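Given these sequences and hints, build the entire structure.
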Amino acid sequence: MNTLSKDNKILVVCGGFSSEREISLLSGRAIYQALLKLGYKNASLFDLARDNAIDIIKQKPDMVYIALHGKGGEDGSIQGFLEWANIPYTGPGICSSAVCMNKVVTKRFLESAGLPTAKFEAYYKDDIKDIDIFSQHIKETFGLPLIFKPSCQGSSIGIVLVRKEEDIQNALEEVFKYGDQLLAEQFLDGVELSLPIMGNEHPMALPIIEIVSEREFIDYETKYTKGLCQHIIPACIDEVTAKQVETIGLEAYRLLNCRGLSRIDFIVDKTKGPMIIEVDTLPGMTAMSLFPAAARFMGISFEELVEKTLLLGFEAKRDLID
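In our numbering, the protein residues as written are 1 to 322.
Derived from the structure by calculation, the hints contain no laboratory data. Don't take every hint at face value.
[Unchecked claim] Each computed BS3-like pair below joins lysine-lysine, with the alpha-carbon atoms no more than 25 angstroms apart:
1. Lys164 / Lys177
2. Lys9 / Lys119
3. Lys177 / Lys119
Quantities reported herein were computed from a predicted structural model and do not represent experimental measurements.
Set out below in structure tokens:
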């Protein structure tokens, strides 16, 4: 297949078995409907489970549109499977996906490149033997409040804002529901922003989005419950800050070898300025998702965004094609 046409078989892979399954299903259905509207008559929807991945190969798709979120879909797993099967796909490759899925590894990459990110430390569950000693260490290292995060979850799942020392025990229990590694991160006080970026070797930044909520902390419920948060496009920030965010974001996108589209999330701290929080390599494509909202502001319809992502995936993985 030397060109991608509307006669090609496009398989939208969604669902999966991560804690973000329901959001993935919403993204997948929206993408599938967009492909049908665009005239991709051979598009189909595939709900990935632990025991049916081989059916992807059996369906012999010309292209896979990955609409998975979280473990098994955003961490390099499905990307490696598709490369092994010689099937082109959308989004970043194996290495980029694996690095960006792990918040600790992402921050180490950012730190090594001199890109701004909040002060952090990583801890394994087995390393925390005495809660009193750990609590004292945490207070001395970060002060309070601070943020605890699972290292490999998205959509703010498992993230806890720790305000008081007596909250630490419960916060640890919540984080360790989602894995054995904890990311402790300095609390940043400022405006929360998201920078959508699209492209392969020559990425383009979309308008910066400001995320506003009356809640002190934007968790999973806040993100996906209508009315609990607002998206302001473009963000209400000064031109100098906007330029800094765009420059830093594009540098991070290239550093992490992102492809297709990814979203760089920031907090503009009142004293430290723009700080990268995390990188989302497979942003949501639901009615409440940030990336489509930024595209709409630029005059790019949801269908156009889906097709552009498809074409970028085809171009990025051209070396896989016989």
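Compare the distance between the alpha carbons of lysine 164 and lysine 177 with 25 angstroms, and conclude whether the hinted pair is satisfied. holds, 21 angstroms
task: Would you mind confirming whether the straight-line C-alpha gap from lysine 9 to lysine 119 stays at or under 25 angstroms?
output: Status violated; Cα separation ~46 angstroms.
(Q) Tell me if the straight-line CA distance from lysine 177 to lysine 119 falls inside 25 angstroms. (A) Measuring from Cα to Cα gives roughly 23 angstroms; hence the hint holds.
Going through the hint list in order, the structure does not satisfy hint 2, though it satisfies all others.
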